[in-house]
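Chains as they are written, first to last, in our numbering: chain A, 39 to 268; chain B, 10 to 170.
These are calculated hints, taken from the structure and not from any lab test.
A few of these clues could be false.
[Stated by the list, open to error] Under 7 Å between C-beta atoms, here's a sample of chain B residues computed to sit facing chain A:
(1) 24
(2) 28
(3) 33
(4) 119
Where a beta carbon is used, it is the ideal one built from N, C-alpha and C, also for glycine.
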Amino acid sequence: MSKHKDNEDRDLERWLARASRPSASPSFAVALDAAYGAGPGEAAWARARRRVHDRLKASEPRVYYDRVEATPVGPLWVAMTDLGLAAVSYGGTESAFAGWIGRHLQASPVRSAERTTVARRELREYLAGRRTSFTLPVDLTHVTSFQRRVLEAAQAVPRGQVATYGEIGRRIGRPGAARAVGQALGSNPVPIVVPCHRVLASDGSLRGYSGRGGLQTKRRLLTLEGALLV
Amino acid sequence: MAPAEQVGLWVDRHGQEIHAYLWRFLGDAQDAEDALQETFLRALRYRGRPVAEPRAWLYAVAGNVARSQLRRRQRDEARFSQLDDETPAPETTGGRDLWESVRRVVEALPVKQRQALLLRRYQGLSYGEIARAVGGSAESARANVYQAVRRLRAAFPEEVR
Numbered sequence: 039m040s041k042h043k044d045n046e047d048r049d050l051e052r053w054l055a056r057a058s059r060p061s062a063s064p065s066f067a068v069a070l071d072a073a074y075g076a077g078p079g080e081a082a083w084a085r086a087r088r089r090v091h092d093r094l095k096a097s098e099p100r101v102y103y104d105r106v107e108a109t110p111v112g113p114l115w116v117a118m119t120d121l122g123l124a125a126v127s128y129g130g131t132e133s134a135f136a137g138w139i140g141r142h143l144q145a146s147p148v149r150s151a152e153r154t155t156v157a158r159r160e161l162r163e164y165l166a167g168r169r170t171s172f173t174l175p176v177d178l179t180h181v182t183s184f185q186r187r188v189l190e191a192a193q194a195v196p197r198g199q200v201a202t203y204g205e206i207g208r209r210i211g212r213p214g215a216a217r218a219v220g221q222a223l224g225s226n227p228v229p230i231v232v233p234c235h236r237v238l239a240s241d242g243s244l245r246g247y248s249g250r251g252g253l254q255t256k257r258r259l260l261t262l263e264g265a266l267l268v
Numbered sequence: 010m011a012p013a014e015q016v017g018l019w020v021d022r023h024g025q026e027i028h029a030y031l032w033r034f035l036g037d038a039q040d041a042e043d044a045l046q047e048t049f050l051r052a053l054r055y056r057g058r059p060v061a062e063p064r065a066w067l068y069a070v071a072g073n074v075a076r077s078q079l080r081r082r083q084r085d086e087a088r089f090s091q092l093d094d095e096t097p098a099p100e101t102t103g104g105r106d107l108w109e110s111v112r113r114v115v116e117a118l119p120v121k122q123r124q125a126l127l128l129r130r131y132q133g134l135s136y137g138e139i140a141r142a143v144g145g146s147a148e149s150a151r152a153n154v155y156q157a158v159r160r161l162r163a164a165f166p167e168e169v170r
């Protein structure tokens, strides 16, 4: 009896592992295979697959981006989320900027002149000296909380004025964090609009700027704002 | 890579077997398609979190989606059962009859047994993989398969020769 049971178990395992010949299958196995063996079929899968891809596309958050041509500091890329302006980038290729959006904003990049109209217009006007402030909301939900506090403190520095890294550190309750403040400003995803260029070293030197053109761009922005004499 | 792109790759890589699993588990093409969409939308909502074994994880998500769909279906069927009594049964062909009778037997199995059996025989998962997909140990996965088979043997007895 136990010998029989062992054989039965072995046959069952072979059937379960799809290794048995049909002639060896008991009735329940034949019935089950007839009902479930073939599966839904290629046509049903093709349709299901298409619908899943459509649903994924429709439910993915989107970020709209476009290029701002020929500003005094060169071409820029801008990216808008539902919450506001999430990125301004100095030059680079379109695919590099779109890739950055996917990685950092966790969204599908969609190029759109319409959705970026206000951002592009305000940046052009600002850089041409025809505008003194931005009406655009800024989306800083994608940076760390420390960086957000630093960037918000930088936003509070008025046009035409400057602050030091140490002052920003003190304003956010982190005196002595000047170096970390410098790093947080150096990776500001929304330069120009979040005016990290208004933050200088404690001796008044410009210290650094990570945008294209480096210190020359920083000097140009501060001159434009009247914080520096030409 | 954007999350939808990542999940899109999972659809292309694992979607067909997950779809087949849902089709077998739910026994209904439309339900399977709905559950497949829900499975990958849930995967999208988990974006940013690393998934070590996407295949096993997708089986687990699909199993959860399918079980909640079954519960919903049972509620609906209870609600509409009176209506059903008044509608005549549809005519069935021989193939359809077999499919219906097998399906009835399989759907009467406890859910864990049904899942374990389908995953082992038709989805080609090992007992260890079944354990990761439905919870529990490899041993309990094996026990579930064997219990399912015992009930099925009783439902489809061998003809006396």
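Against the structure, the hints come out as follows:
Satisfaction of the interface hint for residue 24 (chain B) is found here, the shortest Cβ-Cβ separation to chain A being roughly 6 Å, below the 7 Å cut-off. For residue 28 (chain B), the shortest C-beta to C-beta distance to chain A is roughly 5 Å, which falls under 7 Å, so the interface hint holds. Interface restraint check for residue 33 (chain B): the shortest CB-CB distance to chain A comes to about 5 Å, inside 7 Å, so the restraint holds. Proximity of residue 119 (chain B) to chain A is violated relative to the hint, the smallest CB-CB distance being about 16 Å (cut-off 7 Å).
This entry does not satisfy hint 4, going by the numbered hints stated previously; all others are met.
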